[in-house]
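Student: Sequence:
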Amino acid sequence: MKKIVVVLLAVAVLASPMFAGNKKRIAVMDFEDKAQGQHGGWHNPGRGMADMLVTVLTKSNKYSVIEREKLDKVMKEQQLGATGIVTAQTAAKIGQLLGLQYIVTGSITEFGIKESKLGVGNLGGLFGIHGGVDTRTNTAKVACDVRMIDTSTGEILKAEKGEGEESSTGVSVDLSVAPSVGFGKDGFDDTVIGKAVRKTIESVSRPLIEMAENFPWSAKIMKVDGNKLWLNSGKNDEEKEGRTFSIFKKGEDLVDPDTGLSLGSSDTKLGTGKITKVEEKYSIAETDVKGVTKENYVKEER
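Residue numbers (the numbering used here): 3 to 304.
Derived from the structure by calculation, the hints contain no laboratory data. Computed from a predicted model, the values in this text were never measured in an experiment.
For lysine-lysine, the following BS3-like pairs were computed, each having C-alpha atoms within a straight-line distance of at most 30 Å: (1) K283 <-> K271; (2) K271 <-> K64; (3) K251 <-> K237; (4) K75 <-> K251; (5) K64 <-> K95; (6) K64 <-> K230; (7) K119 <-> K36; (8) K143 <-> K197; (9) K160 <-> K36; (10) K78 <-> K225; (11) K242 <-> K160; (12) K279 <-> K225; (13) K75 <-> K36.
Label pairs and their in silico Cβ distance ranges: (14) E303 <-> T171: 55 to 63 Å; (15) K75 <-> K225: 20 to 28 Å; (16) G244 <-> L99: 26 to 34 Å; (17) T141 <-> D258: 36 to 44 Å; (18) E69 <-> E167: 29 to 37 Å; (19) G189 <-> T274: 53 to 61 Å; (20) E167 <-> K271: 42 to 50 Å; (21) S62 <-> K116: 29 to 37 Å; (22) E240 <-> T171: 42 to 50 Å; (23) E240 <-> Q91: 25 to 33 Å; (24) T246 <-> K225: 13 to 21 Å.
All C-beta atoms in this analysis are idealised placements derived from N, C-alpha and C, irrespective of residue type, glycine included.
Take the sequences, apply the hints, and build the full model.
Tutor: So, in structure tokens, the structure goes:
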């Protein structure tokens, strides 16, 4: 058997044209809110921003994103909470239970609106308004950090920082920035905070979409019967017959003693297999390797 070590930096290799369309199965966790106290009453911005990222990634047609209800159920059953904090170990657990290849986590580092006023004296009298007129500028700033984690190895494949800023100026208070206009509600995208959030999500989603083509194909093993393997990749994931892959047994996690972050794991290659039949939601493969279990995983080697 061949011993390999999965390291922190993933090698970006283009997928073969024959299988380039395969969608990656992912979940997006609620963002951890590290900007608490800054956003003055906005309800659960961590979930709102995660949902916006889900929409963008789904529309890219590069990812198959798990439904929110399924993710919430597993998080609750595994008592992982809804904080968005995911370690290499919990990522592997969630990935195994939901058949995911990758998990995206995020944290909000800035989220709020600042108002500045500029008094213009009695200029308002020219328009029949007596007394001073204040010109107000509302500036919204949003920032977040996101990471993409390989559920098979716990490896952090990508870390990105996104920022967005938007301003509006008027002679009266801009009621459109009120927290009552929340995520997903009509008019939110037209507010200064909505526009800042949108810019932030677009900035972090672009590199995630671009790197999708460079991911090596991988899948989870759902069932083993003799020399046949049932994999969680089917026609819905644009899977095709004839794909060959390697089978791996996950080894010990390699954790950086300084940061506590997983650098991957020491995995053992068991052998190879080939997909022989593709159904709507899964595929069946054959292998000569003995002793394969559902705890093993499969992926292409380039």
